[in-house]
Amino acid sequence: MSAHDNSAPVAQPARFAFTPANLEKAKAHIAKYPPGRQASAVLPLLDLAQRQHDNWLPRAAMDVVADMLGMARIRVYEVATFYTMFNLKPVGKHFFQICTTTPCWLRGSDAVVAACKKKLGIGIGQTTADGMFTLKEVECLGACVNAPIIQVNDDFYEDLDGRSTEALIDALKRGEKPPVGSVKQRQTSAPDGGPTTLKDLSFAGGKR
Amino acid sequence: MSDGGGGLAGRTIKFFLDEAEVEALPGETIWQVAQRNGVEIPHLCYSPEPGYRPDGNCRACMVEIEGERVLAASCVRKPAAGMKVRSASERAKFSRKMVFDLLVSDQPSRNAHPDPDSKFWRWADKVGVAAGRFPATHHPKPDRSHPAMAVRLDACIECNLCVRACREVQVNDVIGMAARNHDAKIIFDFDDPMGASTCVACGECVQACPTGALIESALVDERGVQAQKPNREVDSVCPYCGVGCQITYKIKDDKLLYVDGRTGPSNLNRLCVKGRFGFDYVSHPQRLTKPMIRKPGMKKDAHAPLDPSNPWSHFREATWDEALDVAAAGLKKIRDAHGPKGLAGFGSAKGSNEEAYLFQKLVRAGFGTNNVDHCTRLCHASSVAGLLEGIGSGAVTAPFMAAKDADVIVIIGANPAENHPVAATFFKNAVKRGATLIVMDPRGQALKRHATHMLQFKPSRDVAMLSAMLNVIISEGLADKQYVQAHTEDFDKVAESVKDRTPEKMAPVCGIDAETLRTVARKFARAEAAIIFWGMGISQHVHGTDNTRCLIALSLITGQVGRPGTGLHPLRGQNNVQGASDVGLIPMFFPDYMSVEDPARRAFYEKLWGAKLDPKRGLTVVEIVNAIHADEIHGMYIMGENPAMSDPDVQHAREALAKLDHLVVQDLFLTETAYYADVFLPGSAWPEKTGTVSNTNRQVQMGRQALPLPGDARHDLWIIQELARRLGLGWNYAGPADVFAEMKQGMPSLDNITWERVDRESSVTYPCSAPDKPGDDIVFSDGFPTKSGRGRLVPVEIRPPAEEPDEQYPMVLTTGRQLEHWHTGAMTRRASVLDAIEPEAHTSLSPGDMARMGISSGAMVRVSTRRGTIELRARPDNAVPPGMIFIPFCYAEAAANVLTNPQLDPMGKIPEFKFCAARLDPIAATAAAE
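In the order they appear, the protein sequences are chains A and B. Quick note on our numbering: the first sequence kicks off at 1 and runs consecutively. Quick note on our numbering: the second sequence kicks off at 1 and runs consecutively.
FYI, nobody ran anything at the bench for these hints, they're computed from the structure. The reader is advised that the hints may include incorrect statements.
A short list of chain A residues far from chain B (calculated; beta carbon distances all over 10 Å) [claimed, not checked]:
1. Asp-47
2. Thr-81
3. Asn-153
4. Lys-199
If you want the ones that stay clear, here's a sample from chain A, every Cβ over 10 Å from chain B, calculated [stated by the list, open to error]:
5. Phe-16
6. Pro-20
7. Ala-21
8. Asn-22
9. Pro-44
10. Glu-78
11. Lys-118
12. Gly-123
13. Thr-128
14. Arg-163
15. Glu-166
In silico SDA-like links for lysine to any residue, alpha-carbon gap of 25 Å or less [stated by the list, open to error]:
16. B:Lys-432 to A:His-29
17. B:Lys-185 to A:Ala-11
18. B:Lys-448 to A:Ala-31
19. B:Lys-185 to A:Gly-125
For glycine and all other residues, C-beta sits at the position ideal for the given N, C-alpha and C.
Taking the hints into account, I'd like the entire structure generated from these sequences.
Right under this line is the structure:
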């Protein structure tokens with residue numbers, strides 16, 4: 001089951017309000033659209049609300065967004081349940097989205113999933129008792145060249161295997177923030193082991 | 001739309017359907033053309049009913065089009081000239097069969113299905129799929145949380161007809177399609193159980209659902225499996241509000257199973273919770289079916305309620321002959337002792353035109369007095385007074401469907417989403433189309449969400465607010481000078497009266513800022529077509545007639561009347577309040593609003609009725625109550641009215657009823673009024689009789705008997721006639737058709753409308769110019785039926801309400817209705833579904849006031865005014881502004897009218913139900929219950 005399974009009762013907060021700073025941002029989003037088309041701002045506003053609210057979207061926040069945009073609340077619920085990026089129940093501080101689509105799977109995502117489960121003692125769709133980690137299986141994250149991948153909150157960790165996944169979890173547990181991108185120190189998606197062509201390119205200012 | 005063929009034919013398209021050349025009208029889809037030509041194409045997600053947009057999602061209607069790579073969904077595809085469509089090619093049939101195969105695979109088995117005869121199964125049979133070949137995937141649990149509707153999503157095919165029903169047709173926005181792909185499912189709000197959602201139970205989804213996944217609870221057993229189905233049906237019209245929705249009763253033997261909406265002009269299949277689910281009051285255990293006579297010496301105590309389940313404590317059973325004899329003898333005795341003025345009658349706006357006509361005839365010809373009235377006095381009397389004075393006609397100038405042609409819609413002092421729910425759907429449709437909706441009401445409401453402007457003005461300051469709008473329109477030169485010159489009089493007087501009432505001056509009085517007042521006034525005046533709807537928020541004030549005069553002035557000085565999308569429309573309350581007033585169930589008028597004081601008219605009726613008639617207007621509802629206290633009236637005949645609940649200062653009214661020497665009550669139940677009866681005559685419920693009713697749109701519609709009379713109950717028409725005979729009137733009407741024919745003789749408004757025609761067409765609008773032409777929806781395109789032919793503009797003073805809040809009573813009490821309950825609740829509180837949804841008395845309060853006074857939701861509170869005190873539960877309601885108390889008046893255990901102020905509008909004689917000073921106190925003792 002996905003994080004959109006609403007069958008388990010979720011303790012919903014009674015109220016939600018944007019912080020003054022986020023309210024300004026929300027107004028800026030709304031202002032991008034012509035009068036009568038405010039509903040177009042629903043995705044950025046829901047995203048703002050989720051970011052403000054520990055990375056999950058309570059019903060009260062959807063209601064606030066609906067009322068701000070003059071939308072029927074049900075329309076916002078439809079949007080929020082349609083997009084898998086919205087979490088409709090609480091998630092851990094480190095929200096792991098593990099890609100298991102074909103390229104990641106061919107490159108060893110099974111081992112990545114197994115490492116997560118072993119290290120955290122939870123299954124897919126679950127959250128650790130301390131509220132630190134949530135595991136979610138997702139479809140293609142769009143970084144197949146560096147498969148397999150875990151997205152932790154907004155950051156991609158790439159070129160993972162079982163061991164590096166465990167190391168990532170350990171680092172997060174220690175409160176560190178490991179550098180994002182390839183865990184093999186690969187330059188973006190350049191070939192494994194370093195560039196094979198254009199090795200001696202130099203740019204103005206001497207930067208590679 | 002005037003072209004009879006030439007222009008239209010020019011826009012039609014010719015194409016080929018299964019080799020035959022066919023013609024498509026503009027906008028028609030392939031499916032519609034096929035249907036018209038008798039070619040059947042399966043369909044599930046498409047409904048040909050009015051208001052439903054084709055969606056093309058289910059793929060059950062696929063057809064093959066020559067030269068196209070893929071099949072097309074015929075419900076959405078429009079034909080092109082010369083296109084060759086094959087509706088039943090092998091490829092199309094195979095594809096459609098596969099759709100059914102997939103869907104049937106996921107359905108519950110047919111013998112455990114909520115509706116084995118549903119549209120879905122009928123099509124599956126025709127397509128030839130009895131069982132699916134694929135493994136089933138999902139089995140959601142049934143949801144039986146709602147008292148009226150059962151949800152079995154395992155039978156859902158996600159065609160989203162229910163979503164369109166809820167979102168686009170009724171515009172309630174409760175049902176949605178959540179998630180995506182194979183997780184997609186129908187949800188109520190945020191996947192709440194239906195019974196816990198914001199569903200208003202209009203049941204549109206149930207009527208639209210092609211599978212039975214959403215179905216009337218009455219048709220299924222506790223597992224959600226079909227338990228019973230109807231074996232006959234009768235077309236009729238709804239007995240509740242003035243909208244006049246046409247319905248079809250679905251009956252098994254002699255039991256009403258459920259009700260479907262029918263394509264009447266004012267509802268297009270739509271219904272609300274009352275009209276769909278509010279009918280089992282007819283068989284409530286408290287229904288009285290035996291005539292009864294009060295036991296000798298049984299005191300009438302205005303302070304001790306009776307038990308409606310047990311009338312035998314105070315009454316004994318009687319035969320019809322005995323009961324009618326005693327009823328008539330008592331009335332005659334008073335007539336002989338005190339003269340005609342000693343008697344009065346209250347008829348009913350819930351019965352038929354024929355009953356209302358006979359009732360007023362009985363009072364006028366039999367009692368010899370004009371003391372006859374009904375609840376119109378409590379709802380729109382001031383609107384009618386204002387309209388008669390201003391434009392010479394008390395009826396609407398345009399039906400509410402005219403909203404579809406309006407650019408600006410003003411709704412003032414009305415809450416149609418609760419009180420005229422089906423009319424409200426047309427207003428919401430208009431907003432979706434792009435109309436500007438201006439709602440003006442001290443209390444918020446469901447339409448607020450759809451409104452372009454919501455003006456929550458200070459209670460009772462209507463005249464100030466409307467005067468400011470008039471001021472803007474006149475001072476900014478926005479009045480329609482041509483229209484004013486051609487069709488109105490006394491413009492200068494109104495202009496003079498509002499000259500100083502600038503928005504800036506009126507803003508602090510009415511609580512709406514000047515800029516908003518200007519904006520709204522300009523939008524109204526400048527609109528191509530603007531229409532005004534109003535309700536009891538306008539009429540139920542001591543300045544109700546003045547409020548109406550302001551609305552008439554707004555409409556007339558801007559020329560917003562007499563054209564499509566324009567007009568003045570007081571939304572009438574009862575199903576037949578328009579008709580009952582039309583046929584003369586009011587003290588000052590004969591049928592068709594002809595004055596009883598007009599000698600020529602009186603002579604006409606003296607001849608027609610063969611009786612001497614009272615030359616002076618009679619007393620109105622509240623005046624009659626006062627006349628009883630003044631020892632002027634001693635006997636009454638009350639049919640289908642409940643003044644012991646509906647009158648203002650109701651304790652005063654109850655004391656009057658208890659004081660009567662002789663009271664004859666004709667009703668279904670032992671109502672609060674019937675407590676004081678000397679003789680009780682058990683009448684017929686609406687589904688048990690045949691007769692015409694006239695709705696708010698001036699549509700005369702046919703109600704047909706669907707159920708037999710229970711026990712010894714009799715048709716009301718028969719009862720009135722029997723009583724009349726015993727009063728010496730030699731009546732001999734064979735049935736309602738006879739009465740209709742007589743009624744027409746004095747009513748030019750019914751020209752070209754015969755009983756047979758109403759029966760044949762089910763609905764005919766008056767006025768009507770020919771027997772074969774539809775009636776006129778929009779009237780007064782060229783002047784008004786006044787003496788001068790002009791609309792009269794009447795200047796008004798700004799007058800305060802009769803009782804302002806003070807130290808002792810610091811809040812404002814306002815009363816009204818709520819969606820689930822009708823009027824005094826005599827019917828709806830005995831309808832199981834409606835009673836289950838709203839079972840007990842409550843008051844709606846602003847959450848701020850509740851917090852300030854330490855009142856928690858559901859706590860008991862005490863509401864007091866100078867008239868009395870009631871205790872009931874508090875309900876937080878954001879729609880209620882601080883300082884206001886709102887109480888629905890349908891609850892006998894905490895009757896709001898114990899509190900209301902009986903002060904009258906001087907012209908309409910309507911009491912001020914919408915405003916009085918009140919006091920709210922928490923009741924401490926109940927706090928411990930939590």
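Verification of the hints:
The beta carbon of Asp-47 (chain A) is kept farther than 10 Å from every beta carbon of chain B, the shortest such distance being approximately 18 Å. The Cβ of Thr-81 (chain A) does not lie farther than 10 Å from every Cβ of chain B; its closest approach is about 4 Å, which violates its non-interface assignment. Remark: the non-interface label on Asn-153 (chain A) is consistent with the geometry, its nearest Cβ contact in chain B lying 23 Å away (cut-off 10 Å). For Lys-199 (chain A), the non-interface assignment is confirmed: its Cβ lies about 46 Å from the closest Cβ of chain B, beyond the 10 Å cut-off.
Its beta-carbon lying about 14 Å from the closest one in chain B, Phe-16 (chain A) satisfies the requirement of being farther than 10 Å from that chain. Remark: the non-interface label on Pro-20 (chain A) is consistent with the geometry, its nearest Cβ contact in chain B lying 23 Å away (cut-off 10 Å). Consistency note on Ala-21 (chain A): stated as away from chain B, and its beta-carbon is indeed over 10 Å from all of that chain's, at 27 Å minimum. No beta-carbon of chain B is positioned within 10 Å of the beta-carbon of Asn-22 (chain A); the least distance is around 22 Å.
Distance check for Pro-44 (chain A) against chain B: the nearest CB is about 20 Å away, which clears 10 Å, and the non-interface claim stands. Glu-78 (chain A), annotated as away from the interface, has a beta carbon of chain B within 10 Å; the closest lies near 5 Å. Against chain B, the non-interface label of Lys-118 (chain A) holds: every CB pair exceeds 10 Å, the least being about 28 Å. At roughly 19 Å from the closest C-beta of chain B, the C-beta of Gly-123 (chain A) stays outside 10 Å, upholding its exclusion from the interface.
Its beta-carbon lying about 25 Å from the closest one in chain B, Thr-128 (chain A) satisfies the requirement of being farther than 10 Å from that chain. Arg-163 (chain A), annotated as away from the interface, keeps every beta carbon of chain B farther than 10 Å; the closest lies near 34 Å. Consistency note on Glu-166 (chain A): stated as away from chain B, and its beta-carbon is indeed over 10 Å from all of that chain's, at 32 Å minimum. Among the hinted pairs, Lys-432 (chain B) with His-29 (chain A) is consistent with the structure: their alpha-carbon atoms are about 24 Å apart, no more than 25 Å.
In summary, the hint linking Lys-185 (chain B) to Ala-11 (chain A) is supported, as the alpha carbons are separated by about 22 Å, within the 25 Å threshold. Taken as a hint, the Lys-448 (chain B) and Ala-31 (chain A) pair is honoured in the structure, with Cα atoms around 23 Å apart against an allowance of 25 Å. The straight-line distance between the Cα atoms of Lys-185 (chain B) and Gly-125 (chain A) is roughly 20 Å, inside the 25 Å bound, and the hint therefore holds.
In the structure shown, a violation is registered for the earlier hints numbered 2, 10, in ascending order.
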